[in-house]
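Chains as they are written, first to last, in my numbering: chain A, 1 to 286; chain B, 1 to 272.
Just so you know, these hints were derived from the structure itself, not from any lab.
Not one of these hints is a red herring.
Quick look at which bits of chain B chain A covers, simulated, 3 or more residues with Cβ under 8 Å: (1) 5-13; (2) 77-85; (3) 93-104.
Sample of chain B residues lacking proximity to chain A, with all beta carbon distances greater than 12 Å (derived): (4) Ile26; (5) Leu30; (6) Ala60; (7) Leu66; (8) Met108; (9) Gly138; (10) Trp149; (11) Ile161; (12) Ser165; (13) Leu192; (14) Glu201; (15) Asn212; (16) Arg217; (17) Trp249.
Ideal placement from N, C-alpha and C gives every residue a C-beta, glycine not left out.
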Amino acid sequence: MAVIDARGIRKAFGSTVALDGVDLRVDEGRIVGLIGPNGAGKTTALNAILGLTSYQGQLTVLERDPWTSRSRLMHDVAYIADIAVLPRWIRVSQLLDFAGGVHPRFDRAKAEAFLAKTTIGRNARVRELSKGMVAQLHLALVMAIDARLLVLDEPTLGLDILYRKQFYDSLLNDYFDGSRTILVTTHQVEEIQDILTDVVFINHGRIVFRSSMEEFESRYLELVVPPDRLAAARALRPLHERQILGRSILLIENGDRQQLAALGEVRKPSLAELFVAVMESKGVTP
Amino acid sequence: MSSGAMTWSVRREVWENRSIYLAPLIVGVLIALSSIVGTLGGLNSPVSRFASHIEIAGGALMATTLIVAIFYCLDALYGERRDRSVLFWKSMPVSDSEAVLSKMFVPMVILPVVTFVFTVATQFIMLLLTSAILSLKGEAVAPLWNLPWPQMSAGLLYHLIVVHSLYYAPIFGWLLLVSAWAKRLPFLWAFLPAAAIGIIEKFVFNSTHFANMLGSRISGGMDSSPTKGSMMMLWPPHPFEFLGRPGLWIGWLFAAACLAGAILLRRRRDPI
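Please construct the entire structure, taking both the sequences and the accompanying hints into account.
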């Protein structure tokens, strides 16, 4: 069943086109990374999915129209827009009271159990917490909601690497159970590569690449070659090439593993590498 | 509309806006203290002085909560966009209508109730303290207790419901609409148009209908009431007479239109 089904979504702000006909289908149980450069339309796309912005085109989320039935949709959808949106004046205990009061699928005991692993005091106000603690608090809140779709828009922006790692570990170990669906955007592509089941690149308001991670890993390979074999490797028409410490790292599509192994070290492809390759080929860099 | 969402939304408004009860608390304490200092100073006719202090206490607390209401409304839908917390509130299953109506509930119901409770409490504390001081001085306290207390409290409640809630509804509605719309300076956007309309009307038509209408609204349509001129508010002889005034109904229509606009804007406006 499609959790998100978008067809030809368009959205313009004045003369700026943020979404230029986005088609996106996300099935249940997937963890999808929506990746794109700044201004590519990621946040606008998520806002449309969450019923926060109007749009043209056809969009259903869990078989509802998000724009006309946002509050009902929020029974089944949880999201973190970015880490700085929890009201600064509110106390942790008030936040839990409020969520428990208005949300029929909020399990307070779950949130408390998660918070017990942190140093966040129940009486503290959000403004007194560090950035990392606010992210933990928000994560505790959304993980306690028995939602079918979780949307995360740059959920770890501005956090240090320890908090970022913890954040995704908790998400995978304590939340994801195979029947939920997660849609996440981030700039830290390397960090989420291993948790995704699918990846979607967006640029200039259009989906420019999409693949399951399995397909991605079988289709692309990274080849590390010393300078003397570079010419031979280039003949394989790499999608992208970069130099590190005198060696070249080439991204190769549909390569033959054995043939490549003769030229250099074959590695698992990096999503970041493919992202740069795709963006450059679509004319992102001037 | 779910009652849980409404109740919790109103609660959260009170959590956020502690001035709803702190401002009248502070003003009440100041009034009680200064009234006692005045009584200790002890001039002649303490009872008539006391009666006027009681009236002033009521007036001052009503003025305080009206100011709180104005600032509350102007910030209610503006502040949440400014600090982006609207993105969090919208992640909860609370509709925009529930959110806006729960914000209207604060000046319409919570603040009048708070004003009534704090005024009666302040007046009662003033009565106890003044009685104590007078009896220590060996003066009679019975006249203080013989003031028409039940009628005064009923009159206060009536005034709060009719004027501060029902008559001011369009003012609160307008302030919430501006709060939902303004990208900055909601205070100016709320008050400048009214000033501009008044000035333009005066210059172009040499009339003051708009200013008169506003004045009548702020005085709660009480400029023609029989209790006019007295600060002592008693239960009026015809308590439902105000329902027959077209101004009330026009005001409600205006308030309803403003709220509908505020709900639409809350749905459409992005964080600032």
